[in-house]
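Chains A and B are the protein sequences, given in the same order.
If you count by the working numbering, then the first sequence holds residues 456 to 738, one letter each, in order.
If you count by the working numbering, then the second sequence holds residues 456 to 738, one letter each, in order.
Keep in mind the hints are simulated off the structure, nothing from the lab.
You may find that some hints are simply not true.
One copy or two, it doesn't matter: identical chains are merged, so the pair holds either way.
Claimed, not checked - Taking lysine-lysine and the DSS-like style, the derived pairs with C-alpha atoms no more than 30 Å apart in a straight line are:
#1 692 to 678
#2 692 to 465
#3 677 to 692
#4 465 to 645
#5 457 to 692
#6 678 to 645
#7 457 to 495
#8 495 to 659
#9 692 to 659
#10 692 to 669
Here is how the chains run, residue by residue.
2 protein chains.
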Amino acid sequence: MKALFPHSGKATVIGLTGSPGAGKSTLVDQLAREYRKQEKTIGIIAVDPTSPYTGGAILGDRIRMQAHHADTGIYIRSMATRGFLGGLAPATADVATLLDAAGKEIVFVETVGVGQDEIDIVRLADVTVVILVPGMGDDIQTIKAGIMEIADIFIINKSDREGAERVEREIRAMQTLAIRRDDWTPPIVKTVASDGTGVPELVKAIASYRQYLKGKDLLLRKKVSNWRERLVEMLRKALLDRMIREQLDPEHLTQYAREIAEHQRDPYSLVEELVAGFGDKHV
Amino acid sequence: MKALFPHSGKATVIGLTGSPGAGKSTLVDQLAREYRKQEKTIGIIAVDPTSPYTGGAILGDRIRMQAHHADTGIYIRSMATRGFLGGLAPATADVATLLDAAGKEIVFVETVGVGQDEIDIVRLADVTVVILVPGMGDDIQTIKAGIMEIADIFIINKSDREGAERVEREIRAMQTLAIRRDDWTPPIVKTVASDGTGVPELVKAIASYRQYLKGKDLLLRKKVSNWRERLVEMLRKALLDRMIREQLDPEHLTQYAREIAEHQRDPYSLVEELVAGFGDKHV
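Isolated chain A (complex conformation) (with noise of 0.2 Å):
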């Protein structure tokens, strides 16, 4: 990673999040076949909710590899939600540097669900799009609270499907109690990823906002929000595995969490103990 940094910088990371069944998949190979008719290079990382143990991610590849094979200006990652220790956005995000490295001008980072691992992986993204269906019922609300503040661009996907207006209407009904730094108003543009339909206007739409932010200077503001909270993951997962090569290998730890089980030992005090002691052995 320390080798590629300085190739990166290049791409702009298009973050991608909606439920299941949004269409997320269809729509960003519409977004790539738009991008590639202006001849730019694609890298596509998808975050499947799928565990390591029955190889879904795999498979999903697979399948979508098969569309655009033939085209070497499309790469495509999938990344399973389990067994990244330190986290799956920090896994992520390496991904895409290295990707923007390897010279792909858009990255996009799809991921599935509504959790808060989901929404960690695609704030880090240049820009966020919420992809949203009408008819996924009452619980709409609930999701779209969490990811708000998220969103630089909303989509509307399946948009000729009935109920299109009320999700339109809900948006902009959330819209006005939100508050946004950058003082964007995010626009909604409606798709019908299976047929293509409003794609050329969501790829207008994200190049609006990449240009919002460079005229207002916030491209470089909103880069160091994102490089800090990047780092301070980097941080945590890297103290941590020094602690754990030099001072407490797994079977202290397993150890500890037997004591700790059987009441013999507090992990409040355990944890202070380990963590004020920790790199004593230069003394």
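With chain A fixed as given, assemble chain B onto it according to the hints.
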């Protein structure tokens, strides 16, 4: 927490998760009523996918408190999914320990959503219950893949709806693929939370699983494995806290982030240096 810990360890912590609209709150309320008949005291921790800005968690709190406000044997606490440095899962686990120490015999932890964060929260419970409902569309398969390994008990709620048998068949089919270390086959309980149907059966299923773990001496092993994960999370947070306190105040952090965003500095080398030098001031 240090002072509270010795008083904890008596409660049964029951984690419940499922998609929005699956009827989690109603089910937990019904379960609480059922356990109250057995004179058990109850704590409920409701983790909402609502941002701290909109105050949704507090609102939900108040609405639900009204139903139980005359009963001092029930305590309800909502938690928003944002704003916890070090993650929501550790914060929720601490609140569960607190309610345990306060003498609540049954502590429910309910989370909305199927993200990794929600999974991390509920699998730290003694018993993990996954709630499914009929008619959530084809993507139910996708959702289920990630939670198959964490469910000790499956609930098909709203089981009077069409499609309940199909959901049951799907769970059974996926169970043949799942491998559990404890050899337990998670039972499927059908409920209609709105009128209480199936709730006594659910209480029995929870008791059966607890009994199974006890009989096979697996209760301690599960607690050890849970504490191991909690310890790692606590260490991760405490190490970073110490670093920020001693040698990396927020201003430094922002300055570093700016240098990285401007590509004057590579974050991977920076993290390596910072972590390697950590604790050196004691020399």
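Intra- versus inter-subunit Cα pairing at 30 Å for residue 692 with residue 678: both (21 Å within a copy, 24 Å between copies)
Up to 30 Å CA-CA - residue 669 versus residue 692, copy category: Neither way: residue 692 and residue 669 sit 33 Å apart in one copy and 35 Å across, limit 30 Å.
Residue 495 and residue 659: within-copy, between-copy, both or neither at 30 Å Cα: within (15 Å within a copy, 59 Å between copies)
30 Å Cα threshold - placement of residue 495 relative to residue 457: Within. Shortest intra-copy distance 26 Å satisfies the 30 Å Cα cut-off; inter-copy 56 Å does not.
Identical-chain pair category, residue 692 with residue 465, by Cα at 30 Å: Cα proximity of residue 692 and residue 465: one copy only (26 Å, versus 33 Å across).
Homo-oligomer pair classification [residue 659, residue 692; C-alpha up to 30 Å]: Classified as neither: same-chain Cα gap 38 Å, cross-chain 41 Å, threshold 30 Å.
Intra- versus inter-copy proximity for residue 692 and residue 457 (alpha-carbon distance at most 30 Å): Classified as both; 16 Å inside a copy, 25 Å across copies.
Status of residue 692 relative to residue 677 across identical chains (alpha carbons, at most 30 Å): both (23 Å within a copy, 25 Å between copies)
Alpha-carbon proximity between residue 678 and residue 645, which holds within one copy, between copies, both or neither at 30 Å: Close inside one copy (28 Å), not across copies (49 Å); limit 30 Å.
Alpha-carbon proximity between residue 465 and residue 645, which holds within one copy, between copies, both or neither at 30 Å: For residue 465 and residue 645, only the intra-copy Cα distance (29 Å) is at most 30 Å; the inter-copy one is 53 Å.
The earlier numbered hints that this structure contradicts are 9 and 10.
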